[in-house]
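Engineer: Listed below are the residues making up each chain.
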Amino acid sequence: MKFKLDKLEHLHKFQLFNKIEKLKLATRENKTVSSESLIFHTIDNKLYIYISNGISSAYSYICEVEDDFRSFAVDASSFTNALSNFPSNEIQFSILFDENQLVFGNKKTRVSLKTSNVESENINFQDLFLLDNNTFLDLDVNNLLNAIKYSSFSCAPDYDEYPYTSIMFFIKDNNFNSQSSDKHRISMFGEKYDGDNSFLISKAQAELMKEFISKTSSKYTVHKGKFYILWENGGFSCAIENNTHQSVYNTFNQFFDNSELITSFEINKNDILKSLRFISSISSNHNFFMKSSGSQLIFSSSNNEKGAVIDKIQLSEDIVEFEASYLVNHFIKVLDIINKDDTILSFYDYNGYTICIVEDLNFKHLMFPME
Amino acid sequence: MNNLIDNSIFIGSKNKTTDYLKQNYPGFQIITVDKVENQIKSYSRFFDSNKIFLVMNPTNDEIKLIGNTNNCQYSLFFDDDSFDGRLGFISKIKKSGKIFDFSYPLLGDTQVLRRKLNDFSKSYDFKFTQDAIDWIISNCPTLSIKVKSDSGKKEKLVYDIDLLSQEIAKLSSVKKELCADDFADSVFNNEESIFTFIDKILQKDYSCFEKLDELVNKIGEQALLLITLSQILYLLSFVGGKQRYGYDVNKIHFHICLKDIINKYLGDDWNELQTDFKHSDIIRLQIQMNKQTPSEVDLSKMIVFIVETIKDLRNSGSKDQALFILLNKLISV
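Keeping their order, the protein sequence lines are chains A and B. Just so you know, my numbering puts 265 at position 265 of the first sequence, and the rest follows in order with no gaps. Going from the second sequence to my numbering is simple: count from 1 and add 1000.
These aren't lab readings, by the way, just hints derived from the structure by calculation. Note that this is a predicted model, so its numbers are computed, not measured. Just so you know, not all the hints are guaranteed correct.
Okay, the calculated beta carbon distance ranges per label pair [as the list claims (entries may be wrong)]:
id: 1; chain 1: A; residue 1: Tyr159; chain 2: B; residue 2: Ile1030; range: 17 to 25 Å
id: 2; chain 1: A; residue 1: Lys291; chain 2: B; residue 2: Asn1057; range: 52 to 60 Å
id: 3; chain 1: A; residue 1: Glu99; chain 2: B; residue 2: Glu1037; range: 46 to 54 Å
Subject to a maximum C-alpha distance of 20 Å in a straight line, what follows is the list of computed DMTMM-like cross-link-like pairs (lysine to aspartate or glutamate) [stated by the list, open to error]:
id: 4; chain 1: B; residue 1: Lys1041; chain 2: A; residue 2: Asp158
id: 5; chain 1: B; residue 1: Lys1051; chain 2: A; residue 2: Glu161
id: 6; chain 1: B; residue 1: Lys1035; chain 2: A; residue 2: Asp160
id: 7; chain 1: B; residue 1: Lys1035; chain 2: A; residue 2: Glu371
id: 8; chain 1: A; residue 1: Lys183; chain 2: B; residue 2: Asp1034
id: 9; chain 1: B; residue 1: Lys1041; chain 2: A; residue 2: Asp336
id: 10; chain 1: B; residue 1: Lys1176; chain 2: B; residue 2: Asp1131
id: 11; chain 1: B; residue 1: Lys1041; chain 2: A; residue 2: Asp160
id: 12; chain 1: B; residue 1: Lys1041; chain 2: A; residue 2: Glu371
Every residue, glycine too, gets a C-beta built ideally from N, C-alpha and C.
Build the full structure now, drawing on both the sequences and the hints.
Structural biologist: Right, here's the structure in full:
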């Protein structure tokens, strides 16, 4: 059985699928019994590839094949590695079922990979293919991408406390709203959380999903603890967790609601970024100190070994005086991520602490002071 | 902000520790910490002020790190009391009297186990019949914990009071007097101990044959033979001490540690010798005092049988046959 593929056309697809495989190794201690994880499967003479790591899975259309095609599986990492390093663009594939081999190449170069047979009925395609009875809703791709973009960066690292390692999503009027926090900053995208039905997706899964979302018309559904996205000839699913930590997310609101405005002003984000990068490069301190004096905003940072640095930005008008210390990386990250050049920085008093809030359309970001 | 007085140390039972913290700090969340460094990095006064960080078996470096942070409330949990009391953070807790000992009773220490059963019956408000107490004493789930010793780490077998209390809590919710029959469905997983196995041999209990394969698979025949040999040599020394000093535990301990011989004489150069005494745990001795021990003659015969078996095995004897024959010989001594 043979088929031909254009490497440039399909390489990105295989590399994406390989990311699911890589995530399996990271999330599970023991490798599954069979390492042949990338499944080639046909439905009505259409060849699909399918991969699953137990948490997320995906399928995609590859090409038309002959009638007598039998399903088989190869090791995703070896296959992707061989394909991406293959010297020519047009590649002929041949499956030798009797010898359990997938041979691909051209007249000059050939690769042979070990395959394993896959019984069609054993392929766990149900989760993606057999969802006809479910109500799929039209997916606003940009909305979902923004929901991930504006929340994943402020998630806590994997070793940290749950649920801070995940992004909380809730869907209202077919719009995605998301929230995350690493306990030093809070990101909120979309509407205010009011105890709505919500679910959690780990940062790694959300980042993976972001790469899979097709810009073309897609639809989505949430069914039996999984989030599904389907598009023409392809689909992606990932496990979601019920949000049993409503109190944590209600606490987020409390910081926004129970704080009093000290001052707020418009400033060009590039000026701040330039200043922050400058002072942090000299002092190498993770924290910086920010204070206002009349119409000047003063940034300073010091390091016992390296010395101190100070920089000023002139504002258009006088502002109320305040002073606070924040993490340099957190400030740079949020300013990098927002779209508008002229951004509004607001400083609020929360129980004697000066918190900073940055807003951009549907996005609100709160940073807690470090000292 | 929490005061240092709230930091505490717990030893032994994890369940008891969390129960204590829940009872005494209502409204606080208990967070188990694996890596102190990560916890300190992620600590936020805005989110974590109502949390108690329960650090499991921290290393000395971790305790020093904890000592340098004064904004979180820590509870240190240790499997045993072998932590370093010289560390500043620990000595401060010692001074404040916040060390809680919930140690598991040592396997064989039935007096403490009986006391624990008495505590259970008071706290859950029910009674045990005598046969229930006897059943629990002979079938209590056991647990192996690693403790620090002079020569590294060693395993200690203890009664798993946590598991037992859960079972008793379930049963006592339906009955106010528990008899042995009530525990008929309670099958506890016991850590298969070489020492229980040796005890069974000494008591001529034929169930030791059932445990032989399991133990050989777990620790290997070499360890099985050498540990058995070492235990019987210990018993021989114990019986000798008992014959000489009667029931004076301290004197027998003195004898077993060879304190009556070591460093008594001068060396070749007429210098005083500074050799370490043989290490022996006095609790082990106290437990042995409550057990029946075979006579010196029987123990000597056993030693000969074991040494012969070791010789056979070294001369390419069959492991399966040699061990089976040895067990028969040991039981029939």
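Engineer: Confirm or reject each hint.
Structural biologist: Against the structure, the hints:
no., hint, verdict
1, A:Tyr159 - B:Ile1030: 17 to 25 Å, "holds, 18 Å"
2, A:Lys291 - B:Asn1057: 52 to 60 Å, "violated, 44 Å"
3, A:Glu99 - B:Glu1037: 46 to 54 Å, "holds, 52 Å"
4, B:Lys1041 - A:Asp158, "holds, 13 Å"
5, B:Lys1051 - A:Glu161, "holds, 12 Å"
6, B:Lys1035 - A:Asp160, "holds, 10 Å"
7, B:Lys1035 - A:Glu371, "violated, 23 Å"
8, A:Lys183 - B:Asp1034, "holds, 18 Å"
9, B:Lys1041 - A:Asp336, "violated, 24 Å"
10, B:Lys1176 - B:Asp1131, "holds, 15 Å"
11, B:Lys1041 - A:Asp160, "holds, 10 Å"
12, B:Lys1041 - A:Glu371, "holds, 14 Å"
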